[in-house]
Amino acid sequence: MGLLTFKGGVHPPHKKKFSENEAIKILPLPEKVYVYTAHSIGAPAKPIVEVGDKVKTGQKIAEAGGFISANLHSPVTGTVVEFTKLVNAASGLKSDVIVIEREGEDQWELLEKTDDHTKLKPEEIVARVKEAGIVGLGGAMFPSHVKLSIPKGKKAESLIINAAECEPYITIDYRMMLEKTSEVLKGIEIIMHTIGVEKAYVGIEDNKSKAISHMKEAVKNSSIEIVPLKTKYPQGAEKQLINAVTGKEVPSGGLPIDIGAVVFNVSTAYAIYDAIYNGKALVESGISLTGEGVKKPGNFWFRVGTKVSELLDYVGIIEEDKIDRVLYGGPMMGISLPDTELPTFKGNNAITVMTKDVAPNKETMPCIRCSSCVSVCPIGLQPYLMKKLADTRKYDDLTNNNLMDCIECGACSYTCPSGIDLTKSFKTAKKVVRAMKQRRG
Amino acid sequence: MKFKNLSAPHLRTKDTTRQVMIDVLISLTPAIAVSTWVFGLRALYIMMFSMISAEVLDFFIVRVLKKQKNYKPDFSASVTGLLFGMNMSMAVHWWHMLIGIAFAIIVAKHAFGGLGQNIFNPAEIGRVFMLISFPTVMTTWYKPFANMSASVDTITTATPLALLKEYGANKSLSNFSYMDMFLGKIPGSIGEVSALALLIGFAYLVYKKRIKLMIPISIFSTVLIISSIFYFVNPTRFGTPLFHLLAGGMIIGALFMATDMVTSPMTIKGQIVFGIGIGVIALTIRYFGAYPEGVSFSIVIMNALVPLIDLWMKPRVFGTSKKGAK
Ligand code: SF4
Ligand code: SF4
Chain A
1 MGLLTFKGGV HPPHKKKFSE NEAIKILPLP EKVYVYTAHS IGAPAKPIVE VGDKVKTGQK
61 IAEAGGFISA NLHSPVTGTV VEFTKLVNAA SGLKSDVIVI EREGEDQWEL LEKTDDHTKL
121 KPEEIVARVK EAGIVGLGGA MFPSHVKLSI PKGKKAESLI INAAECEPYI TIDYRMMLEK
181 TSEVLKGIEI IMHTIGVEKA YVGIEDNKSK AISHMKEAVK NSSIEIVPLK TKYPQGAEKQ
241 LINAVTGKEV PSGGLPIDIG AVVFNVSTAY AIYDAIYNGK ALVESGISLT GEGVKKPGNF
301 WFRVGTKVSE LLDYVGIIEE DKIDRVLYGG PMMGISLPDT ELPTFKGNNA ITVMTKDVAP
361 NKETMPCIRC SSCVSVCPIG LQPYLMKKLA DTRKYDDLTN NNLMDCIECG ACSYTCPSGI
421 DLTKSFKTAK KVVRAMKQRR G
Chain B
1 MKFKNLSAPH LRTKDTTRQV MIDVLISLTP AIAVSTWVFG LRALYIMMFS MISAEVLDFF
61 IVRVLKKQKN YKPDFSASVT GLLFGMNMSM AVHWWHMLIG IAFAIIVAKH AFGGLGQNIF
121 NPAEIGRVFM LISFPTVMTT WYKPFANMSA SVDTITTATP LALLKEYGAN KSLSNFSYMD
181 MFLGKIPGSI GEVSALALLI GFAYLVYKKR IKLMIPISIF STVLIISSIF YFVNPTRFGT
241 PLFHLLAGGM IIGALFMATD MVTSPMTIKG QIVFGIGIGV IALTIRYFGA YPEGVSFSIV
301 IMNALVPLID LWMKPRVFGT SKKGAK
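Respectively, the protein sequence lines represent chains A and B.
Counting from 1, one number per residue, gives the positions in the first sequence under UniProt numbering.
Counting from 1, one number per residue, gives the positions in the second sequence under UniProt numbering.
These aren't lab readings, by the way, just hints derived from the structure by calculation.
Among the clues, some could well be false.
Restricting the straight-line Cα-Cα distance to at most 25 Å, the calculated cross-link-like pairs of lysine-lysine (DSS-like) are [to be verified]:
{"hint": "1", "chain 1": "B", "residue 1": "69", "chain 2": "A", "residue 2": "362"}
{"hint": "2", "chain 1": "A", "residue 1": "322", "chain 2": "B", "residue 2": "14"}
{"hint": "3", "chain 1": "B", "residue 1": "69", "chain 2": "A", "residue 2": "296"}
{"hint": "4", "chain 1": "A", "residue 1": "427", "chain 2": "A", "residue 2": "394"}
{"hint": "5", "chain 1": "A", "residue 1": "32", "chain 2": "B", "residue 2": "2"}
{"hint": "6", "chain 1": "A", "residue 1": "430", "chain 2": "B", "residue 2": "314"}
{"hint": "7", "chain 1": "A", "residue 1": "388", "chain 2": "B", "residue 2": "14"}
{"hint": "8", "chain 1": "A", "residue 1": "230", "chain 2": "A", "residue 2": "16"}
Just chain A, with the same shape it has in the complex:
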């Protein structure tokens, strides 16, 4: 039997070699942190501190602004010095930031902790995860307590741990599996206990064979199964991963739980472990600082809100005029930063510095109907057609062609020989369609 995978997809160069053999190092504490209040999908958190307040590491500084929202905690020990606005690279708009200046030694304010999660009821765990402000660390930053609360009438059947790490360059999940094995597994057990499933599957792509064998060894005699997957992008996309592991498809417009699947990323499982067993709110996380533009690439433990420039100073970057772009995340879905004086988010699993010689500078030509985009689209869409419809603003036709199912994976743009920015126009079109829907009520 061949390895499991999904339909469609592309094979970008892995580029993991820069950082895959670098053990996770702890970065020195930043002097100042800049914490966005909008730190997850959903409503921004509401600040509960004022300028001049002394805060400890892990102390709550802002409260979730709704069900789909997450608490914020201070990443350092010090004083709140300012409320300001900084550009949020994802939206391009300015959003609120709490600035905290570090003073003295790191002092943690811990949450309630336990030494045996099985003594806790699922609701208690959900409450603690919520209190700790944990969000999905694969990049999307979806509040974890929401995923852990199974809606009424639905039942979780399988937990799938996303360890595919299909984005080029990024290696932090790989290192987590090698270095924090027991903690990650404990985190997985906590999730299983919370959502009430018997079995968990950890999907790992076969270009990370060391992680596969290491994890297989570690899960012997447990109900966690390691599932090697054929390396292909976007394997780590939630729907594609579920499909690869279980063979099932999340219905169009639906959620994984509709077919009984719950997906958590490796690093998120670790964060859950850290909150439940060590009482630590999510204020630090793992990150790969990598790319051709970085002198000493590696994997690090960083405090949320540290400026990108400070992180990059630590690993060193090459001459500025050779650098083309700096990304939150990897090259396939990463967001390009307008400048490096912006801070990091909880969900930043990588900062990739790309040089001019590797970044795309393809000439744009007319579509030659080569059908590559159609055959690589993991969702079965027809990107060439959607692009034509988007260019002529036929939004109803676009919706009928399942525009809203597009997962913005970038596979179509990646493969297009004519260098057409397909994904970009779908992102824009989706925004327009959403806005139109709102206006129509």
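With chain A fixed as given, assemble chain B with the ligands onto it according to the hints.
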């Protein structure tokens, strides 16, 4: 450090449209070589003349008429020109070809909007145009390895398909063996004669993942099935399945004309339907039509149906029921 805002993905394949076209040109070199060997240097001149004049004409239209000052050739016109040349008879004159090429590039390509916009394969339209405009020239066939200095009567002959049409299968096969047909030692259009050379070139495109593979598979299967049935019914009149695969423009049509990216369907399902259509129409013309050969017509007819095929044969959207409903 400040940067421009750039959109994901931040990596792209090295593939370019220009490279796709160059690969198609490369894939045709074995066929060019065999044609030159079988028909002599004049065949090479015809193909090169056709290719260059198509490219020059295309360049002129885009640069001068469409006023695209920075336009660099994408070589799609070279592909059209080369395929057009390969579909000529050895009897054409240069001015015949110029008219045909002009028709292909101006009407079939640019009148529809240029690269990527055309509905019909320009080279194939050019050929059909030639068949209609210069029927005698286009159906005058030279014997393989003919001595060009001899009189026209002694160097011209009939193609296997023409023999089949007129005298039946026995006569046709007594003149040419399957091996002759496979290697290209038969009369026919300049570039279509050698199945072997075309297949080698095609293999290169498959290796480079530059081709809609399902189209030839579907055409060949359809031709095999239908011609088997007809052969079974009347072996002397209809010819063997293998004969129909190797004769005339079937191979070049299926491998290089029907697979033209711009004018063929986008999905695997659509490509299968497209291929079946070509197979059925081509054989219908061969069996019952006025022309001995039907591949060009069948491709052009199916080209016209591609928009409809694309509309119907959509891929199944992930997470929608396998029947296609939501
Ligand atoms: S970006 Fe959207 S359309 Fe393009 S391949 Fe991904 S899912 Fe398909
Ligand atoms: S990959 Fe690009 S050129 Fe090919 S069909 Fe899609 S949009 Fe057109």
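Out of the numbered hints, which ones does the structure contradict? Result: hint 3 breaks, nothing else.
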